[in-house]
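Make a model of the complete structure from these sequences and hints.
Chains as they are written, first to last, in full-length UniProt numbering: chain A, 1 to 390; chain B, 1 to 390.
Take these hints with a grain of salt, some might be off.
Simulated coverage check for chain B against chain A, where a stretch passes if three residues somewhere in it have a Cβ under 8 angstroms from a Cβ of chain A [claimed, not checked]: (1) 69-80; (2) 90-103; (3) 250-260.
Not close to chain B: a few residues of chain A, all C-beta gaps over 12 angstroms, as computed [as the list claims (entries may be wrong)]: (4) Asp-110; (5) Pro-129; (6) Tyr-147; (7) Gly-203; (8) Gln-251; (9) Glu-262; (10) Gln-384.
Just so you know, these hints were derived from the structure itself, not from any lab. Built from N, CA and C at the ideal position, the CB exists for glycine as well.
Number of protein chains: 2
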Amino acid sequence: MISTNEGDQIVKFLHTADWHIGRRLHGFDLTEEQQNAFQQIEQIALDEQVDGIVIAGDLYDRGAPAETAVAQLNGMLEQLNLKDHFPIYAISGNHDSATRLATGSPWFKDTQFYLNTKIAQAFEPVELPDTQLFLLPYFEPFEVQQYFDDDSIQHLDQAIVPIVAKMKTHFDPAKKHVLVAHFFAAGSATTDSETRLTVGGLGAIPTGSLTDFDYVALGHLHGRDALTTDAVPARYSGSPVKFSMSEANQQKGVWIVDTATEPVSWTFRPITPIRDVQQLTASFEDLLDPEQFQELNFDDFFGIVLTDTQPIPNVLAQLRERYPNIVTLGRQDGFQTQVAYQGESGQQMRQMNPMTLLADFYEQVAQEPLTKQQQQWASDALKQANEEEK
Amino acid sequence: MISTNEGDQIVKFLHTADWHIGRRLHGFDLTEEQQNAFQQIEQIALDEQVDGIVIAGDLYDRGAPAETAVAQLNGMLEQLNLKDHFPIYAISGNHDSATRLATGSPWFKDTQFYLNTKIAQAFEPVELPDTQLFLLPYFEPFEVQQYFDDDSIQHLDQAIVPIVAKMKTHFDPAKKHVLVAHFFAAGSATTDSETRLTVGGLGAIPTGSLTDFDYVALGHLHGRDALTTDAVPARYSGSPVKFSMSEANQQKGVWIVDTATEPVSWTFRPITPIRDVQQLTASFEDLLDPEQFQELNFDDFFGIVLTDTQPIPNVLAQLRERYPNIVTLGRQDGFQTQVAYQGESGQQMRQMNPMTLLADFYEQVAQEPLTKQQQQWASDALKQANEEEK
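What follows is the structure in structure tokens.
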């Protein structure tokens, strides 16, 4: 399948991104889900006989991934490149440590595994017989400022201009031009599980700056529908696995991009999860009624929204007897509560004022605020408890 | 220089180990020292025209090294293997995360960079025309227990027996046999900067179990003289840089091993530090006397032992005007004090009883314990300070 230097046409590649290896779903381990999604990607690539696999950043979920995550991603890349002999065209994303991810990359090129982690590498395209692939890793404006030695570059929309201009000086007019990148494209729709994004002009790349490319394979946003404009041939592949409740309704999958057509065309190939992530809104009674919801896979990850308004003692434990993988639990018109353990949330919670915590909790459960009298009782009880502790 | 498969003789290799990239010396950055030592190793390899470089474990100082350490080691390995075209024969040590260090290793073999991190890999030797190289990574007894499915393997001295036996089934009698390993060989001398070692039978490899090899290139202990027996052809190269005061008197360097001689022979090539690590024992007055110690490189890392017995106010600040890189400061017959910042030590110190801390400090400085009266004064002052703080 490695055919780059043999003169035959490179027409079809698979576009994926945002694997986030090592990520957890509200405390739940996703290793098995991610491994299974990977195997489906591999199978799609084999079935479609693609000529290469594009991974548009965020291979890892964090800069210093756990050993288990390192072992998992190493195994995936080895499988695709060394065993299946697919060329790989990859970049680092904002979740990756560019430095750590670059480990071994100078050795990878011999087997057509291209992994760019520095801006400077983006201007030397991978030359395929009919296509030039520009692999632009995730970047911050200051890196572009330094690279071009231009203090006037302050924001992403400014940074992309000289980048594209420099790429164009390397354009071979006889070939198609594909950009692989990891950023927020203006006009995209976001979900909860991408890192907090500055939506708007300064923190986004205007899609208008991408019109010189025949296809832009994007990573960063987790939904394939994040960008649906027909004005530019750019798409997010989305993540292969659902990483938050806000992604519950997304169809995960990969794009198969055909560069031989005029213009370049792409079709979607879905990925089916082992355990889906879904929202379930119902009353407590219905949820535990054996006659109800029989069609569900109870091992799925559920975000449950209760329509009840009365307090229900021990609600989570009771629900978990039927739905072991409850990810969030909330009340209709109330806010969602994350129910699984999360280190930071726990810590944040411990730093909150106990009275605030109580008031929030009561309001969420009872759907009405504490009365003045209740507040007084609670405040007195707390005072007494504090004094006893001393 | 890559000549393994071309049939010519592979006769000479450079043996180094324990680079500990990312290590600090009592809080002082060693990046520059380590980079310089690396360049000397590279130059020795070029001068000697060695046919390969053995790195016997502990490439990193810790399992999850900092990004700067990752960038530094990646650059070194790229330089030796991809730019200078030296074959590399390396193993993971106890300081390395085998999993993290293995990143990229399946791609390395194409350029004769062999990096073993799992026991199973140790039994497939690198076949050179006249030598078999067995690369045995650092291991714990339980891994050997699992590998051989033998519960009776409880200790290192037991674990080494089936390992060597299995290697011998792969011996080509027409070739020399070299073992690269990372462990404590019985009879070796230790220094402070290796991780705490169990000296003695159970936690050590008996040198008698290594007699089947023509040379054993060891890592783990930081002094080249840690093992000096002539009974077995085994040597520690030692670390290229001094990593603790206990290594002050060691001559750092590498072995050049010649497998063409009968028996295999090895010669030492020294490495000269930019800033040496040395012990200095003198009186405070002499240390600051411009007429004294003029031959010293004052930028060296000094462990200073004062012969004075009287308290000296502000002693460290005064000494640092002449010796900016004081690593430890102590009194003759007193214990050494680490003077640079060290996270753990600082934390431990903060958890100590202030009276204990004071008593220790006074005794160290004044060479006599606090009197009952002094203890009472200190205790009263502390009590008052605590109350004021409240």
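Hint check results:
1. Counting residues of the region 69-80 of chain B whose CB falls under 8 angstroms from any CB of chain A gives 4; the rule of at least 3 is met.
2. Given as covered by chain A, the region 90-103 of chain B passes the check, having 5 residues with a CB less than 8 angstroms from a CB of that chain where 3 are the minimum.
3. Requiring three or more residues with a Cβ within less than 8 angstroms of a Cβ of chain A, the coverage given for the region 250-260 of chain B is violated, as only 0 such residues are present.
4. Once the 12 angstroms rule is applied to beta carbons, Asp-110 (chain A) is inconsistent with being away from chain B; the minimum gap is 6 angstroms.
5. Under the 12 angstroms C-beta cut-off, the non-interface status given to Pro-129 (chain A) relative to chain B holds; the minimum distance is some 24 angstroms.
6. With 12 angstroms as the threshold on Cβ separation, the claim that Tyr-147 (chain A) sits away from chain B holds: the shortest Cβ distance comes to roughly 18 angstroms.
7. Here Gly-203 (chain A) stays apart from chain B, with its beta-carbon at least about 24 angstroms from theirs, past the 12 angstroms limit.
8. At roughly 33 angstroms from the closest C-beta of chain B, the C-beta of Gln-251 (chain A) stays outside 12 angstroms, upholding its exclusion from the interface.
9. Against chain B, the non-interface label of Glu-262 (chain A) holds: every CB pair exceeds 12 angstroms, the least being about 36 angstroms.
10. Listed as outside the interface, Gln-384 (chain A) is consistent with that label: its C-beta sits roughly 22 angstroms from the nearest C-beta of chain B, beyond the 12 angstroms cut-off.
Consistency with the previously given hints fails for numbers 3, 4, ordered from lowest to highest.
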